[in-house]
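*Asks:* Protein chains in written order, with my numbering: chain S, 1 to 729; chain U, 1 to 115.
No lab work stands behind these hints: they were computed from the structure.
Predicted, not measured: the structure shown is a model, and the values here were computed from it.
Possibly wrong hints are sitting among the right ones.
On the chain S side, residues computed to face chain U include the following (Cβ under 10 Å) [as the list claims (entries may be wrong)]: (1) L33; (2) L96; (3) I100; (4) Y643.
Some, not all, of what chain S presents toward chain U, calculated at C-beta under 7 Å [what the hints assert, rightly or not]: (5) H32; (6) A55; (7) K56; (8) A65; (9) D222; (10) D226; (11) T230; (12) L311.
Straight-line C-alpha distance at most 35 Å; calculated DSBU-like pairs for lysine-lysine [unchecked claim]: (13) K247/S <-> K151/S; (14) K404/S <-> K315/S; (15) K32/U <-> K606/S; (16) K87/U <-> K608/S; (17) K197/S <-> K87/U; (18) K189/S <-> K316/S; (19) K78/U <-> K500/S; (20) K239/S <-> K197/S; (21) K189/S <-> K239/S; (22) K606/S <-> K646/S; (23) K500/S <-> K87/U; (24) K6/S <-> K78/U; (25) K380/S <-> K316/S; (26) K247/S <-> K380/S; (27) K239/S <-> K190/S; (28) K646/S <-> K78/U; (29) K225/S <-> K45/U; (30) K45/U <-> K32/U; (31) K315/S <-> K5/U; (32) K87/U <-> K264/S; (33) K32/U <-> K21/U; (34) K78/U <-> K56/S; (35) K5/U <-> K500/S; (36) K257/S <-> K239/S; (37) K5/U <-> K487/S; (38) K56/S <-> K151/S; (39) K190/S <-> K56/S; (40) K225/S <-> K151/S.
Idealized CB from N, CA, C, for every residue including glycine.
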Amino acid sequence: MKTWDKLVDLLTDRLRVDPELRLDVAEELRAHLEDSAAEFRQAGQSDEEAVASAAKALGDPQQLADELWQANRRRIRIRGVLRWGSRVALVPGAILVILILMMGLVEIFMPVNKEGYISASWLEGLSEEQRFVLESGSPLMLGTEAIEAAKSITDRWPNNPVYYGNYVAQMYTWGEISFDEQPNVDRLKKILAVLDKGERIDPDNAFYNFTKAAWLVLASSDVSKDTTRTYDMVNQEGKLHQISCWKIEIHDLDLFKRALAEFKVGLGKGEFTTRAADMIELRGRLLPEPRGLQDYMRQQTLAVVVAIPPLGGYKKLARSVLAHAIDLAVAGQHEESVDLVDGVELMAAKLGSRARDIVDLLLAHSIRLEGLGHAQCVYKEMGLLDQAQFAQEVYSQAVTQIRKVISSRALIDENQLRHAGVFDHFVGLITRFPPGYTVDFEPRRTAEQFVAAEIGLLLSLCLLVLLALLLGGLALVSLIIQRPGNKPILLFVGWSGIGKICLLAIVVPVAVYALYAYVLTASDRVYGLNYTAGKTLLEFVVTLGAICVLLLGLGYSAVRRRAEEIGLVVPPALRLRDRRWIACVGALIALAVVVYLVGWWAGPFKPKGPRLRQFDSIHGAFLAIAVVAFLLFWGLREFAGLYWRKCDHFRRTLYRSLVPIIAAAVIVVGIFCGWALARGESSAAKRITGSSAMDFCNELERSDFRLFRENFIAQHTEMMNRQELGTRD
Amino acid sequence: MDFSKDLIRGSIVPIVLALLKDRPMYGYEMVKVVNARTGGRLEWKEGTLYPTLHRLQAGGFISARWADAPADEAPGRKRKYYSIARKGRTELARRREEWRQFDLAVNAIMLGGAT
Chain S
1 MKTWDKLVDL LTDRLRVDPE LRLDVAEELR AHLEDSAAEF RQAGQSDEEA
51 VASAAKALGD PQQLADELWQ ANRRRIRIRG VLRWGSRVAL VPGAILVILI
101 LMMGLVEIFM PVNKEGYISA SWLEGLSEEQ RFVLESGSPL MLGTEAIEAA
151 KSITDRWPNN PVYYGNYVAQ MYTWGEISFD EQPNVDRLKK ILAVLDKGER
201 IDPDNAFYNF TKAAWLVLAS SDVSKDTTRT YDMVNQEGKL HQISCWKIEI
251 HDLDLFKRAL AEFKVGLGKG EFTTRAADMI ELRGRLLPEP RGLQDYMRQQ
301 TLAVVVAIPP LGGYKKLARS VLAHAIDLAV AGQHEESVDL VDGVELMAAK
351 LGSRARDIVD LLLAHSIRLE GLGHAQCVYK EMGLLDQAQF AQEVYSQAVT
401 QIRKVISSRA LIDENQLRHA GVFDHFVGLI TRFPPGYTVD FEPRRTAEQF
451 VAAEIGLLLS LCLLVLLALL LGGLALVSLI IQRPGNKPIL LFVGWSGIGK
501 ICLLAIVVPV AVYALYAYVL TASDRVYGLN YTAGKTLLEF VVTLGAICVL
551 LLGLGYSAVR RRAEEIGLVV PPALRLRDRR WIACVGALIA LAVVVYLVGW
601 WAGPFKPKGP RLRQFDSIHG AFLAIAVVAF LLFWGLREFA GLYWRKCDHF
651 RRTLYRSLVP IIAAAVIVVG IFCGWALARG ESSAAKRITG SSAMDFCNEL
701 ERSDFRLFRE NFIAQHTEMM NRQELGTRD
Chain U
1 MDFSKDLIRG SIVPIVLALL KDRPMYGYEM VKVVNARTGG RLEWKEGTLY
51 PTLHRLQAGG FISARWADAP ADEAPGRKRK YYSIARKGRT ELARRREEWR
101 QFDLAVNAIM LGGAT
């Protein structure tokens, strides 16, 4: 080949601005001269004569060099622009795509500031009042700020009982008023003024009367356990238990009498509610369809973050009233004593019948039980042993009933939880899924799966961009330190080459995975990520591994072929014979993956329960590690030839030429897959109707606890009717 | 008989397209085929072919790919084969028609044919 170097260099010298094209033309001319010289040799010429004849037959070198330059000038200019574009635009473009994808995901994991919590789009089309309600609900508002926000709404719309209830609840929550200490006169006055105003705004709600009564009791008396007086309870096993009654020590009789008066006023009112659930519903109705999972989660938090006044004060009120009832029974004031005991039961029924959540319902039960227990003591003091016995039986029945329900709450339906998804899984663990609780987990679960795929995509693309930057960095160093003839060349593998790489390395694996995951549903998307985490990780790793292997393998082959064409020394292509045992190991791992996935899908490999915390789908994770290890090994073995000394120039050229291929792949995959996944997530988020485990407002409606509330409603109706009849008589 | 340089230069594009019409060829092969088919009357300066091939390739009339030379001819060597593209076939048809018309017109004058 050296024979022609001088001539070929002369012919292609003007093409040196495009090293790849120059090498390509040079190689073509060399091949021509070789063929030509071989023919002259066949005609009987000596080597020297044949070389000279071939060179002469080619024509005038100066004229040919000029014609070659003229013929390729336009091509050189276009290729120069493309090369410049690929250097300047592709890698930054890939980084930009990653940043856009990252911004879409970051909101889920990053804290949101107060200003950004409520998206501007949520407020579109809302009236001033609606905006007020929504904007004041930021869960990031704390302390005085939260109270001020609640106050501003009730100041603007002073006759709305829900807004005022919210204001009072915020004052409780942030310690402006709370049951934790005995109030002095000024503080009591201030608190009673707030509650009096509430009573004027919400006259049919016993909340303000009972709360006032609770405060007055706190200010006027102390209650403690009376170990000398007990009532009986027979448990589920038929064993008799004795429970101490409460005793009261009154410091300020006038205040205590005011407390009893408020208590009795409250008993005559139609309902007893903190209005917290009403506020949640109000906010929930104002929120638009979520555009994604993060929108949904923020909306959910916004909807449920409503202050609920501490209900312990009512328990203390009930205990004080019951202890006082016993004192009255001992003092012979039987009728008043029975009225107070009945009053406590009515208060419990009032709270239970309007309960929207389990906390309210359990508090109502607890107050009722204390009422029934103390009723035993009151009737015993009055000598009405049959009544006392009856109260004890009702008490025991109520205890058995509630214990049965509470113990069954611990029995989480594992089958149901498998379908829940991570979000509902953890929230479900908090609320323990009340028995009979049914909910459609599909939209939330699907949205989560899309988010997981988005995270997988983002990590994969980050990995590819890091690889491109690493290769680009190595190529740049070579460009700086190498001599002109050894500098890496940016090879163009041709549009069809790029098309083939994109199709085989990206479109096919992504399409196969999409088919597997979303069309054939073989990936068991009916289960949540809390159950399928390991398996999903394996799926992502296999898909990403396939993309990386194909992208690097095909990219390497294309660049190698091109480099060979232009005369660079390239490592030999691995033959199947050399790959045989690597292929065998790969096939074994692939077989294990397929067996695992099929076994998972068909049933036998499914874990017993969703145990995300313990990462129970450990087999999937192990297989994922095996796949990664194999691919790394494959890569090292496959590309080992690159490190031959004679292939140095090719290695540097490969590094440089792979950068635009990888960057282009990242841009294509990022745009199309990112768009498709975001669309899927948005579509799933829009299908979410209401909420599930966090559905405070429907907690009772959706579970077997509603039966208890129905009992309270019936009891309340009956007691109110009786009271009405009594009043008429 | 030697043809004028301008005549050869003007005919090189339709000849290359016509050669590639049936099968892909490499540069040296085209030179040999032309010399053989014309009995040496249309003897190209070999080098002049390559600028034309490159111009046609840049214009999308032909495409090129590297492939191994047949083992019995030049073992272990690679050659650049050119193939005609769809645009090249259209151009060839146009050039043929143009040549026919030109031929008729020139014949009518030079050889005294029908007017």
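*Asks:* Hint by hint, note whether the structure agrees.
*Replies:* To see whether the hints hold, each was checked on the structure:
1. With a least beta-carbon distance of about 9 Å to chain U, the hint placing L33/S at the interface is held under the 10 Å criterion.
2. At its closest, the beta carbon of L96/S sits 32 Å from a beta carbon of chain U; the interface hint therefore is violated under the 10 Å criterion.
3. Below 10 Å, beta-carbon pairs count as interface contacts, and I100/S has none with chain U, the closest being about 36 Å; its hint is therefore violated.
4. Taking 10 Å as the C-beta contact cut-off toward chain U, the hint placing Y643/S at the interface is violated, the least distance being around 24 Å.
5. Interface hint status for H32/S: upheld, as the beta-carbon distance to the closest one in chain U is roughly 5 Å, under 7 Å.
6. Hint status for A55/S relative to chain U: violated, with the closest Cβ pair at about 10 Å, above 7 Å.
7. Look at K56/S: its Cβ only gets to about 10 Å from chain U, farther than 7 Å, so that hint breaks.
8. At about 9 Å, the closest approach between the beta carbon of A65/S and any beta carbon in chain U exceeds 7 Å, and the interface hint on this residue is violated.
9. Nearest Cβ of chain U to the Cβ of D222/S: about 99 Å, over the 7 Å cut. The hint is violated.
10. A hinted interface residue such as D226/S counts as satisfied when its beta carbon comes closer than 7 Å to some beta carbon of chain U; here the least separation is about 102 Å, so the hint is violated.
11. Because the closest C-beta pair between T230/S and chain U is about 101 Å apart, greater than 7 Å, the hint is violated.
12. Using the Cβ-Cβ criterion of 7 Å, the hint placing L311/S at the interface with chain U is not satisfied: the shortest such distance is roughly 82 Å.
13. Taking the CA atoms of K247/S and K151/S, the gap is near 39 Å; set against the 35 Å cutoff, the hint is violated.
14. Our distance criterion of 35 Å between C-alpha atoms is met by K404/S and K315/S, whose separation comes to about 23 Å.
15. A distance of roughly 71 Å separates the Cα atoms of K32/U and K606/S; the hinted pair therefore is violated under the 35 Å criterion.
16. The straight-line distance between the Cα atoms of K87/U and K608/S is roughly 65 Å, outside the 35 Å bound, and the hint therefore fails.
17. Distance hint between K197/S and K87/U is unfulfilled; the C-alpha atoms sit about 89 Å from each other, more than 35 Å.
18. About 20 Å separates the Cα atoms of K189/S and K316/S, which keeps this hinted pair within 35 Å; it holds.
19. The straight-line distance between the Cα atoms of K78/U and K500/S is roughly 23 Å, inside the 35 Å bound, and the hint therefore holds.
20. For the proposed pair K239/S and K197/S, the alpha carbon gap of about 49 Å is over 35 Å, so the pair is violated.
21. Between K189/S and K239/S the alpha-carbon distance is near 48 Å, which puts this suggested pair outside the 35 Å criterion.
22. Taken as a hint, the K606/S and K646/S pair is broken in the structure, with Cα atoms around 53 Å apart against an allowance of 35 Å.
23. At roughly 23 Å between alpha-carbon atoms, K500/S and K87/U fall within 35 Å of each other, so this suggested pair holds.
24. With a C-alpha separation of about 21 Å, the suggested pairing of K6/S with K78/U holds against the 35 Å cut-off.
25. This hinted pair checks out: K380/S and K316/S have alpha carbons roughly 23 Å apart, not beyond 35 Å.
26. Restraint check: the Cα-Cα separation between K247/S and K380/S comes to about 16 Å, which is no more than 35 Å; the hinted pair holds.
27. For the hint pairing K239/S with K190/S, the CA-to-CA distance comes to about 49 Å; that exceeds 35 Å, so the pair is violated.
28. Of the supplied pair hints, the one linking K646/S and K78/U holds, its CA atoms being roughly 20 Å apart against a limit of 35 Å.
29. Among the hinted pairs, K225/S with K45/U is inconsistent with the structure: their alpha-carbon atoms are about 120 Å apart, more than 35 Å.
30. Our distance criterion of 35 Å between C-alpha atoms is met by K45/U and K32/U, whose separation comes to about 11 Å.
31. Between the alpha carbons of K315/S and K5/U the distance comes to roughly 115 Å, so the proposed pair goes past 35 Å and is violated.
32. Restraint check for K87/U and K264/S: the C-alpha separation of about 99 Å exceeds 35 Å, so the hint is violated.
33. In summary, the hint linking K32/U to K21/U is supported, as the alpha carbons are separated by about 16 Å, within the 35 Å threshold.
34. About 23 Å separates the Cα atoms of K78/U and K56/S, which keeps this hinted pair within 35 Å; it holds.
35. With a CA separation close to 44 Å, the supplied pair K5/U and K500/S exceeds the 35 Å bound.
36. A distance of roughly 39 Å separates the Cα atoms of K257/S and K239/S; the hinted pair therefore is violated under the 35 Å criterion.
37. Note on K5/U and K487/S: the hinted pairing is violated, with a Cα-Cα distance of about 42 Å set against a maximum of 35 Å.
38. Only pairs whose Cα atoms come within 35 Å are accepted, and K56/S paired with K151/S is rejected, the gap being roughly 100 Å.
39. Proposed proximity of K190/S and K56/S is contradicted: the alpha carbons are some 114 Å apart, above 35 Å.
40. Distance restraint check for K225/S and K151/S: the Cα-Cα separation of roughly 39 Å exceeds the 35 Å cut-off, and the hinted pair is therefore not satisfied.
In summary, the structure is inconsistent with hints 2, 3, 4, 6, 7, 8, 9, 10, 11, 12, 13, 15, 16, 17, 20, 21, 22, 27, 29, 31, 32, 35, 36, 37, 38, 39, 40 from the numbered list given earlier, while agreeing with the others.
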